[in-house]
Amino acid sequence: MDPVTDDSRTDPAPTPVADSGDPVDAATPVRRSRAILAVLPAVALVILLLDLVTKIVVVATIDPQRPVQIIGDTVTLRLVRNSGAAFSFATGYTWVLTIVAAAVVVGIIRFSGRLRSAWWAVGLGLVLGGALGNLVDRFFRSPGPLRGHVVDFVSVGWWPVFNVADSAVVCGAILLVALTVFGVEIDGTRTSSGRPKRSADA
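Here the working numbering is used: the first residue of the sequence shown is 60, the next is one more, and so on.
To be clear, the hints were calculated from the coordinates, so they are not data collected in a lab. A couple of the hints might just be wrong.
To be verified - Restraint-style ranges between C-beta atoms, simulated for each label pair:
1. VAL112 to ALA161: 40 to 46 Å
2. VAL159 to ILE115: 23 to 29 Å
3. GLN124 to SER92: 27 to 33 Å
4. ARG90 to ARG206: 41 to 47 Å
This structure is a prediction, so every number in the text was calculated from the model and none was measured. Idealized CB from N, CA, C, for every residue including glycine.
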């Protein structure tokens, strides 16, 4: 007579069920969010340092009466003290421009918590770095705090003389406008015909 078979020994092992709450998978969006948030201060810091270094070098080496020719008279390095906004606009309103720039910096920092788009982080980082670069001049250059004149030095044709910070602010603003036009939101979603929808990462 055959021995009695123990069913408990012959049944196959149960198939493991995938855990949808895998902590590794759950942590991925968090890591991406942190990475995107890190882009903003990184871009701003690069722009700020580049702006400060170039201004220090220009002030130390260029005579305001002797511009340095790069491409004939079309592109020159010309030391100018600017009391106005970017590209020498609104001269004579230095303290107002200082307050506006400070408000922009505070606004960007407050809204940075909503960032989920790397492109928005780059654009805001450019604007933040440029605003901080010129704010340093407003606070620490003559004739005094809130009234300091910004150092401009790049002259291209008929365009007003500008600096690295001015270029960063303008490029950042153009990028943010383009993102808005193409429906890329600050939280990483996209909109089409006014209807929000989930999309690939921006």
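The hint says 23 to 29 Å between VAL159 and ILE115; measuring C-beta to C-beta, is that right? holds, 25 Å
Range agreement (Cβ of ALA161 with Cβ of VAL112, hint 40 to 46 Å): violated, 23 Å
Is the gap between the beta carbons of GLN124 and SER92 within 27 to 33 Å? Violated, at about 52 Å.
Is the gap between the beta carbons of ARG90 and ARG206 within 41 to 47 Å? Hint holds: Cβ distance 45 Å, inside 41 to 47 Å.
Figure legend: structure checked against the earlier numbered hints; hints not met, in rising order: 1, 3.
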